[in-house]
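**Student:** Here are the chains, one letter per residue:
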Amino acid sequence: MEYKDFEFHLKSSLQGEEIQLTDRQLAALLPASKTDYTWKWIILISGIIALATALFWLANKDNNTKSTASYINKSASTVHNTHSNNNDANIKTKVDSKVVMSNNDNVFENTLENTDTNATTSSISNLSKTSIKSITPEHNETLTSAIEIDKHLSSIPNISSSINNTTVKLDAFTGSTASEKMGALQQDLVLPVSQLTTLEGLDMKKVNSGQKMFQFTKKVQCADFFVGRKVAFAIIPEIGIFYPFKSLENNASEPTLILPLREENETSLEGLFAALYGRMTFRRSGFYIQAGVSYARHVEKMSLSYDFIEKDTTRGIISTTISTNGDTITNIYGDIIKETHLSGNKIVHHSFSLIDIPIVVGYEKPFGDWIIGADLGVNVNVNMKANGKILSSATDFQPTDTNPYNFNKNVGLQLRGTLHAGRNISEKSRVYLGIRGTYLPNTYSDDSNPITQSYRFGGAYLGLIYRL
Amino acid sequence: MSIEDIVLGCKEGNRKCQEALVQKFAPGLLAICQRYTSDIHKSQDVLQDTFYMIFKNLHTLHDPKAFFSWAKRIAINASLELLRKQHKFIFVEMEIANDMPSGSIPDVYSTMANAELIKLLQKLPKTLYLVFNLHVIEGYNHQEISDILQISESTSRASLFKARQRLMSQLNTTQTVDQNSIYFTDNIKQYGI
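Same order as they appear, the protein sequences are chains R and Z. Heads up: the first sequence begins at 1 in our numbering, then just goes up one per residue. Heads up: the second sequence begins at 469 in our numbering, then just goes up one per residue.
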């Protein structure tokens with residue numbers, strides 16, 4: 001055979017050569033199927049729109065004026081109901097308004113009149129502010145004497161709807177002791193009261209002497225003049241830096257060389273975090289609910305230095321001999337030992353990006369302009385994406401989205417807890433600095449991944465709370 | 469399903485088309501990878517990289533009919549990348565006429581199995597084997613080989629000439645042809661040849 005023909009034979013034999021693969025091997029060559037995240041995005045966007053709508057509606061629904069009127073109305077009604085329940089109230093209508101106390105016969109005459117229904121809203125607002133300031137323990141004690149409130153009540157149109165043309169005459173408390181009368185009055189009198197210091201013509205000596213005769217047997221409940229909204233809303237942009245505490249475990253049935261190499265040479269770099277929350281605070285209690293969207297990204301750095309000789313022994317033709325007359329060819333089979341010196345130094349990264357919906361419940365306690373707080377909650381993972389290359393053999397790396405080193409597309413729920421301290425920087429805004437730990441019960445690795453990769457996060461976060 | 473339909477479907481992310489593409493071309497591409505890596509496990513790794521690159525860059529392929537030659541080039545580049553990590557190839561620059569060596573070789577080589585033929589070729593020095601493989605088996609011309617291996621065309625020609633001479637010598641020798649001669653000698657003793 002001519003050499004030229006031999007080359008032709010080589011080409012025709014090898015060019016169309018195929019090596020069959022198993023179904024599993026073929027499946028491993030396919031790209032990762034794209035999960036349909038459409039519905040998740042629809043839910044996420046719908047949730048954000050709903051939250052924004054609710055915040056907007058609540059922020060525009062309530063205002064201080066309406067709230068003040070509401071509370072004052074309730075207070076007035078309470079007074080009215082109290083006296084009605086005691087069957088001692090004698091209601092009269094008078095043009096002049098006055099509260100007269102007689103220390104001698106323990107008869108109270110509380111005459112209230114509100115005639116000016118054209119009072120302005122600003123009057124109400126002013127009154128509400130004054131009322132809050134005025135209700136201090138000292139004032140409560142002073143209330144045990146006598147209060148003249150007609151000047152201020154006359155400017156409240158909403159109160160007038162409840163107690164207009166009403167005179168509460170407390171002298172109907174006949175048969176009751178003075179302390180009982182005052183106890184009832186003190187407990188239930190939640191009328192907005194003007195700042196006592198502004199009362200003119202009040203005889204303080206008389207008031208003080210009257211005060212002495214009442215002995216309160218139980219703790220007086222302060223009237224509730226909380227005139228703001230019960231809940232407050234805020235938006236919170238937050239950034240942070242965290243350190244991922246990684247753990248690697250062998251998920252394969254046999255020990256792998258890659259695991260110790262990764263444990264020894266792979267280091268976690270600091271992660272970055274950004275989030276935008278909406279917060280609803282229950283102002284009386286200090287508790288709050290917070291939800292939003294967050295993004296986190298962290299990187300693993302693999303510095304691999306290797307220098308070794310790889311030995312590969314295969315069995316094959318080690319020699320071909322031809323007999324002297326040329327009619328016989330003898331192939332000699334034997335072990336072929338191949339030694340390959342492998343050395344190199346590689347630095348390869350792979351990274352993870354997480355998009356989460358954090359939902360937390362927390363509590364804050366103010367100390368003047370300072371505030372400390374804590375919260376607990378979960379991060380609902382929407383999507384996790386792995387990028388870069390990961391060690392696949394003693395010397396080689398492969399993309400993170402190819403078999404067998406696959407990673408999950410979603411890590412599910414994460415538990416998180418935060419401690420933070422903040423300071424008011426303006427009437428509506430506050431900055432805070434917090435530390436947070438995040439526990440991820442699920443692993444990053446896919447079930448087929450021979451190495452299980454899990455994380456815990458610990459980090460520091462800086463945020464701005466802007467009250468709506 | 470024609471190759472045009474398969475490629476078009478793959479571009480649109482059709483799963484069945486992707487499966488069809490893999491089933492149709494993976495065996496051939498694996499054979500190419502193995503010719504370069506000479507190790508089934510490494511060639512499978514290279515094939516993995518090859519299909520990753522294929523699916524990632526399929527949108528850049530404008531002529532679906534040219535898919536196999538495009539994919540073959542990716543497989544060869546991926547194989548060479550792996551080889552470069554393991555070996556440093558040094559091509560000697562020289563000017564040699566591109567003459568086909570003349571002479572005859574034993575007919576028995578025409579009946580050898582493919583695996584044996586590849587092993588025979590792989591006894592050539594790596595650089596010569598690469599050029600020989602690219603030119604004779606894959607059918608690339610010297611300009612293409614110079615692009616792939618990043619050498620000059622004259623070097624490619626010279627390497628091919630040397631590879632052919634070596635191969636001729638190997639095929640006709642009655643002595644041991646490589647560094648495994650010690651094993652040959654041992655085997656002669658062992659088998660009483």
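By construction, these hints were calculated from the structure, which means they are not laboratory data. We treat Cβ as the ideally placed atom computed from N, Cα and C, and that holds for glycine. Just so you know, not all the hints are guaranteed correct.
Listed below are the simulated SDA-like cross-link pairs for lysine to any residue, each with C-alpha atoms no more than 25 Å apart in a straight line [stated by the list, open to error]:
1) Z:K492 with R:E263
2) Z:K510 with R:T452
3) Z:K591 with R:K389
4) Z:K479 with R:A32
5) Z:K484 with R:D446
6) Z:K630 with R:H9
7) Z:K553 with R:N345
8) R:K389 with Z:D507
9) R:K4 with Z:R552
10) Z:K591 with R:E310
11) R:K338 with Z:H555
12) R:K311 with Z:K533
13) Z:K553 with R:E263
14) R:K389 with Z:E606
15) Z:K553 with R:E310
16) Z:K594 with R:V299
17) R:K389 with Z:T528
18) Z:K553 with R:D5
19) Z:K594 with R:D5
20) Z:K540 with R:H9
21) Z:K533 with R:D5
22) Z:K587 with R:R315
23) R:K11 with Z:S637
24) Z:K587 with R:G334
25) Z:K587 with R:T313
26) Z:K510 with R:Q25
27) R:K338 with Z:R552
28) R:K11 with Z:D615
29) R:K11 with Z:K484
30) Z:K591 with R:D5
31) Z:K524 with R:V299
32) Z:K484 with R:A28
33) Z:K591 with R:Y333
From the structure, some residues in chain Z lie toward chain R, with a derived Cβ separation under 8 Å [claimed, not checked]:
34) Q516
35) N525
36) H527
37) I605
38) N609
**Student:** Run the structure past the numbered hints and jot down the numbers of the failing ones, going up.
**Tutor:** Hint check: 1, 3, 9, 12, 14, 16, 18, 21, 29, 35, 36, 38 fail, others pass.
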